[in-house]
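Numbering (numbering that gives the first Met the number 0), first residue to last: 0 to 329.
Do not take every clue at face value.
[Said to hold, decoys possible] Mimicking BS3-like on lysine-lysine, the simulated pairs with C-alpha atoms at most 27 Å apart in a straight line are:
#, residue 1, residue 2
1, K153, K2
2, K314, K325
3, K145, K82
4, K196, K238
5, K2, K325
6, K2, K198
7, K143, K118
8, K2, K238
9, K314, K38
10, K153, K143
11, K82, K147
12, K145, K238
Source of the hints: derived by calculation from the structure; they are not laboratory data.
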Amino acid sequence: MNKDKIKGMFLGIAIGDALGMPVESWTQERIKETYGYVKEYKVPDGHKWFNGQPAGMTTDDTQLSVAVAEALMQKPACMEAQKEWHIAALKESTMGWGNSTRNSVRNLANGAHWSESGKGQSGLGNGVAMKIAPAAAYLFSVRKSKSKMAEGFKFIRRLNLMTHYTHMSLCTTMSQVFAIIVALKYNPSNSQSMIEKLKEFVIAACRKEKEILITYNESEDDITARFEKLFSEPHDTQKLIEDFGGGSCYCYNSIPFTFGFFLNNPCSVDNLYEVINAGGDTDSNASMLGALLGALNGSSIFPSNLVDELPEKDKILDVAERFAGKFGFE
Numbered sequence: 000m001n002k003d004k005i006k007g008m009f010l011g012i013a014i015g016d017a018l019g020m021p022v023e024s025w026t027q028e029r030i031k032e033t034y035g036y037v038k039e040y041k042v043p044d045g046h047k048w049f050n051g052q053p054a055g056m057t058t059d060d061t062q063l064s065v066a067v068a069e070a071l072m073q074k075p076a077c078m079e080a081q082k083e084w085h086i087a088a089l090k091e092s093t094m095g096w097g098n099s100t101r102n103s104v105r106n107l108a109n110g111a112h113w114s115e116s117g118k119g120q121s122g123l124g125n126g127v128a129m130k131i132a133p134a135a136a137y138l139f140s141v142r143k144s145k146s147k148m149a150e151g152f153k154f155i156r157r158l159n160l161m162t163h164y165t166h167m168s169l170c171t172t173m174s175q176v177f178a179i180i181v182a183l184k185y186n187p188s189n190s191q192s193m194i195e196k197l198k199e200f201v202i203a204a205c206r207k208e209k210e211i212l213i214t215y216n217e218s219e220d221d222i223t224a225r226f227e228k229l230f231s232e233p234h235d236t237q238k239l240i241e242d243f244g245g246g247s248c249y250c251y252n253s254i255p256f257t258f259g260f261f262l263n264n265p266c267s268v269d270n271l272y273e274v275i276n277a278g279g280d281t282d283s284n285a286s287m288l289g290a291l292l293g294a295l296n297g298s299s300i301f302p303s304n305l306v307d308e309l310p311e312k313d314k315i316l317d318v319a320e321r322f323a324g325k326f327g328f329e
């Protein structure tokens with residue numbers, strides 16, 4: 000198992016988050032008018048949530064991905080460890096947190112069991128998919144053990160329901176899980192085979208999770224149909240914006256939108272810039288895409304200036320190093 004892919008995955012989480020942070024919730028037009036084209040870290044002057052933060056600052060996408068990773072290293076596939084690390088993150092900062100995550104983790108802090116904490120929240124956002132990459136990497140590390148794989152999938156479902164008690168969130172979370180696994184498995188030179196396998200796994204995952212969680216919140220919206228539309232038609236940036244709600248945080252928009260950029264060219268960092276400049280939930284979309292790009296291509300896909308100018312560079316590299324060592328990535 001390739002250690003540099005884990006390094007790339009964690010760097011991608013943070014770099015995408017930091018690049019997208021200053022323009023989160025903005026439209027494509029507003030980004031162009033304000034910054035031209037975002038390819039470097041910007042100071043979020045005047046941003047409704049992040050005004051006063053420095054360039055390169057990360058948000059909840061990185062914070063909670065690290066929390067998931069730290070809890071996995073403390074005790075793999077353990078919900079009590081996840082609960083502890085999420086409560087610690089809550090006490091540190093809730094900058095950028097969505098309502099479902101914030102309210103659910105507050106419930107945990109107030110004594111709720113993880114199986115109850117997510118109930119009563121809307122659970123329609125991308126708040127689990129955006130932090131799930133470390134759990135997917137853990138699952139990849141135990142793929143040769145059927146029992147550990149089964150336990151790992153059960154754990155991911157529980158982690159999802161801890162904050163987002165909906166089949167909608169679970170379907171999109173599992174889609175990102177399988178996408179990360181496929182990216183870790185394949186080499187960039189075999190990207191076309193990777194794309195076909197990703198499509199196959201994502202459709203299968205959505206169908207399976209909806210069957211498993213038939214009693215959970217239902218919706219007239221159909222994620223399987225959305226992915227089938229994405230996979231069967233060419234999608235440039237404008238069509239992705241049109242078909243998937245401008246890349247909003249609604250999970251049935253955000254995850255297909257992000258996948259569209261990855262599939263257009265999974266071996267180019269230019270797609271990371273494209274997903275940001277397209278607007279929407281820019282930090283989460285770019286963080287998820289950054290994780291995929293890094294998991295497939297390794298750390299070298301990211302320009303050195305984006306790595307070196309990342310304020311949390313040392314922290315991210317330390318987490319990646321310890322995670323790789325813990326789970327046998329060499």
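Hints versus structure:
no.: 1; hint: K153 / K2; verdict: 25 Å, holds
no.: 2; hint: K314 / K325; verdict: 16 Å, holds
no.: 3; hint: K145 / K82; verdict: 26 Å, holds
no.: 4; hint: K196 / K238; verdict: 23 Å, holds
no.: 5; hint: K2 / K325; verdict: 11 Å, holds
no.: 6; hint: K2 / K198; verdict: 25 Å, holds
no.: 7; hint: K143 / K118; verdict: 34 Å, violated
no.: 8; hint: K2 / K238; verdict: 36 Å, violated
no.: 9; hint: K314 / K38; verdict: 22 Å, holds
no.: 10; hint: K153 / K143; verdict: 16 Å, holds
no.: 11; hint: K82 / K147; verdict: 21 Å, holds
no.: 12; hint: K145 / K238; verdict: 40 Å, violated
Against the hints set out earlier in the document, violations occur for numbers 7, 8, 12.
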